[in-house]
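J.: Full structure from sequences and hints, please.
Going by my numbering, the sequence shown opens with residue 1, and the numbers climb by one from there.
Check the hints yourself; a few may be wrong.
[Stated by the list, open to error] In silico DSS-like cross-links for lysine-lysine, where the CA-CA straight-line distance does not exceed 30 Å:
| id | residue 1 | residue 2 |
| --- | --- | --- |
| 1 | K24 | K130 |
| 2 | K59 | K130 |
| 3 | K24 | K133 |
| 4 | K130 | K26 |
| 5 | K44 | K112 |
| 6 | K24 | K111 |
| 7 | K112 | K130 |
| 8 | K24 | K44 |
| 9 | K33 | K111 |
| 10 | K54 | K24 |
| 11 | K130 | K111 |
| 12 | K26 | K133 |
| 13 | K54 | K44 |
| 14 | K44 | K59 |
| 15 | K54 | K111 |
| 16 | K112 | K54 |
| 17 | K112 | K33 |
| 18 | K54 | K33 |
| 19 | K54 | K133 |
| 20 | K33 | K44 |
| 21 | K54 | K130 |
| 22 | K112 | K26 |
| 23 | K33 | K133 |
Please keep in mind that the hints were generated in silico from the structure rather than gathered at the bench.
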Amino acid sequence: MIECLKDFYALDNIFNTSNNTNYKFKNLIGLNKYECIHPVKQRKVYEIANLLLKDNVGKYITDIIVFGSATTLFCSSFSDIDIIVLGDFSEFYPTVDLHEFGEIDLFGYNKKIFLSDMENNNFYRNAWLKGVKVYEQLLI
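T.: Here's what the structure looks like:
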């Protein structure tokens, strides 16, 4: 049990590094920023983002951020995909079925509240700084 805990502490030190390491992979999608997502997850992330943008909540989405193992060397085909969706909504309830993409942790937040709470919320701050923004609504 103690050896197992040591392994978890070692992994925690790797995943919670203080530097903002952005790994670069071969970009299989051809769109900006996808080179920062592990190749085994690039197509899935692309398809998920497109489905979310076409959904009933799509017109309110301002940002889609991928974070976690999908942006590291530790990603595998069995890894989950962690996604934050920011937008102009008070509640986030997408109607698209994402089960075919495997395990997805999907978090939806109001962008203004997310940004104002970021200073006091380590999860928000790390996802914003270390995550990969695969969609950003351009302001006109």
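J.: Check the hint pairing K112 with K26 against an upper bound of 30 Å on the C-alpha distance.
T.: Violated, because 33 Å separates the two Cα atoms, which is more than 30 Å.
J.: Within a Cα-Cα threshold of 30 Å, do K112 and K33 meet the stated pairing?
T.: holds, 23 Å
J.: Does K24 pair with K111 here, judged by a C-alpha cut-off of 30 Å?
T.: holds, 27 Å
J.: Does K111 sit within 30 Å of K33, going by the straight-line distance between their CA atoms?
T.: holds, 20 Å
J.: Check whether the Cα positions of K54 and K130 lie no farther apart than 30 Å.
T.: The given pair, whose Cα atoms are some 26 Å apart, holds under the 30 Å limit.
J.: Straight-line Cα separation of K54 and K33 no greater than 30 Å?
T.: Status holds; Cα separation ~20 Å.
J.: Would you check the hint for K54 and K24, treating anything up to 30 Å between C-alpha atoms as holding?
T.: Since the Cα atoms of K54 and K24 sit roughly 28 Å apart, the hinted pair holds (cutoff 30 Å).
J.: Within a Cα-Cα threshold of 30 Å, do K54 and K111 meet the stated pairing?
T.: holds, 19 Å
J.: Compare the distance between the alpha carbons of K130 and K26 with 30 Å, and conclude whether the hinted pair is satisfied.
T.: Answer holds: K130 to K26 is near 19 Å, not above 30 Å.
J.: Within a Cα-Cα threshold of 30 Å, do K112 and K130 meet the stated pairing?
T.: holds, 19 Å
J.: Going straight from one Cα to the other, do K130 and K111 come out at no more than 30 Å?
T.: holds, 17 Å
J.: Check the hint pairing K54 with K133 against an upper bound of 30 Å on the C-alpha distance.
T.: holds, 18 Å
In summary, the structure is inconsistent with hint 22 from the numbered list given earlier, while agreeing with all the others.
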